[in-house]
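Visitor: The chain contents come next:
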Amino acid sequence: MSLRRPDPAAVAEAELVARLRAGDEAAFVALARRHQATMLRLAAAFVPSTAVAEEVVQDTWLAVLRGIDGFAGLSSFKTWLLRILVNRAKSTGMSEARSVAIEDVGPALDRSRFDATGAWMSPPRHWIEESEDRLLATGLRERLELALKRLPQRQRAIVILRDVDGLSGEEVCGVLGVTASNQRVLLHRARGHLREAVEEFIEP
Amino acid sequence: MRLLPRKDPLVCQEVVELVTDYLEGALSRSDRRRFEAHLADCPHCSEYLAQMRVTIRLTGRLGPDDLSPEMQDDLGELYRRWRVPPSR
Numbered sequence: 007m008s009l010r011r012p013d014p015a016a017v018a019e020a021e022l023v024a025r026l027r028a029g030d031e032a033a034f035v036a037l038a039r040r041h042q043a044t045m046l047r048l049a050a051a052f053v054p055s056t057a058v059a060e061e062v063v064q065d066t067w068l069a070v071l072r073g074i075d076g077f078a079g080l081s082s083f084k085t086w087l088l089r090i091l092v093n094r095a096k097s098t099g100m101s102e103a104r105s106v107a108i109e110d111v112g113p114a115l116d117r118s119r120f121d122a123t124g125a126w127m128s129p130p131r132h133w134i135e136e137s138e139d140r141l142l143a144t145g146l147r148e149r150l151e152l153a154l155k156r157l158p159q160r161q162r163a164i165v166i167l168r169d170v171d172g173l174s175g176e177e178v179c180g181v182l183g184v185t186a187s188n189q190r191v192l193l194h195r196a197r198g199h200l201r202e203a204v205e206e207f208i209e210p
Numbered sequence: 011m012r013l014l015p016r017k018d019p020l021v022c023q024e025v026v027e028l029v030t031d032y033l034e035g036a037l038s039r040s041d042r043r044r045f046e047a048h049l050a051d052c053p054h055c056s057e058y059l060a061q062m063r064v065t066i067r068l069t070g071r072l073g074p075d076d077l078s079p080e081m082q083d084d085l086g087e088l089y090r091r092w093r094v095p096p097s098r
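Sequence lines, in order, name chains A and B. According to the numbering used here, the first sequence is numbered sequentially starting from 7. According to the numbering used here, the second sequence is numbered sequentially starting from 11.
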């Protein structure tokens with residue numbers, strides 16, 4: 007593990023973990039509140055329904071309670087927690103191999119947008135100065151959620167962890183068991199799809 | 011890190027496919043220079059990179075759904091069920 011600057015959130019988290027070890031229910035609920043949303047999102051990438059995702063999250067918390075004394079603190083609590091979740095979600099969910107080969111390869115942006123020399127034929131239009139608040143409030147939020155749900159499993163998991171939750175690339179590799187270069191390829195594809203969703207929302 | 015032919019300038023399509031490696035700091039020094047040299051001359055690719063940054067920011071704002079009160083109750087109960095049992 008690389009050296010990290012001690013950030014306040016990590017310190018607060020370590021305190022909660024220590025209190026949880028000491029048997030503090032409030033610390034458990036506080037930790038759960040911190041991570042529940044990401045856990046649900048992530049579990050949902052691997053299993054067929056929200057109800058099953060909720061079960062996976064509950065199972066994960068039970069596994070955490072049982073295993074907390076053995077948590078060595080070599081990784082962050084969060085990556086430890088999410089690794090447990092992913093293992094459970096995968097064994098509960100459908101086969102991981104589902105359509106990976108087809109949808110995870112190929113360019114992020116369709117070749118038809120470029121001419122034979124690789125120069126733009128249909129260049130991106132200018133929309134970056136649109137108000138992000140307004141866009142999100144007028145339907146883009148739902149549109150992005152939908153685009154996220156439609157991503158192939160691994161792309162979806164990676165972009166949830168990186169861009170929705172804010173984990174580092176290194177942490178994501180640890181949680182999902184992918185190599186750094188694979189993580190980048192999948193992230194690239196996923197972000198490409200999401201950018202297209204924004205583009206289609208703005209200029210249908 | 012992807013291997014690119016040495017000296018040719020990058021074309022737009024290549025730049026688009028390298029955007030994530032660029033943002034992740036995964037390009038070699040020389041590829042980074044070629045990438046930035048292309049951007050300096052290409053408003054479309056600069057636009058694309060800016061759109062990618064905006065997209066990442068927008069995705070980051072999807073944020074967590076709030077925990078439903080039922081779910082919070084469930085968690086408290088889960089904890090107590092786990093604490094109480096016989097062997098502990």
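Simulated from the structure, these hints should not be mistaken for laboratory data. Misleading hints may appear alongside valid ones.
Not the full set, but computed from the structure, chain B residues with beta-carbon under 10 Å of chain A [unchecked claim]:
hint	residue
1	LEU33
2	SER38
3	ALA47
4	ALA50
5	PRO53
6	TYR58
7	VAL64
8	GLY86
9	TYR89
Model, not experiment: these values are computed from the prediction. All C-beta atoms, glycine included, are put in the ideal place defined by N, C-alpha and C.
Visitor: All hints are to be evaluated individually against the structure, with a verdict given for each.
Guide: To see whether the hints hold, each was checked on the structure:
1. LEU33: Nearest chain A Cβ about 9 Å off; hint holds.
2. SER38: For SER38 (chain B), the interface hint is violated, since the closest Cβ of chain A sits about 13 Å away, which is over 10 Å.
3. ALA47: violated, 15 Å
4. ALA50: Since the shortest Cβ distance to chain A is 16 Å, the answer is violated.
5. PRO53: holds, 8 Å
6. TYR58: Constraint on TYR58 (chain B) satisfied, holds at 5 Å.
7. VAL64: holds, 5 Å
8. GLY86: Since the shortest Cβ distance to chain A is 6 Å, the answer is holds.
9. TYR89: holds, 5 Å
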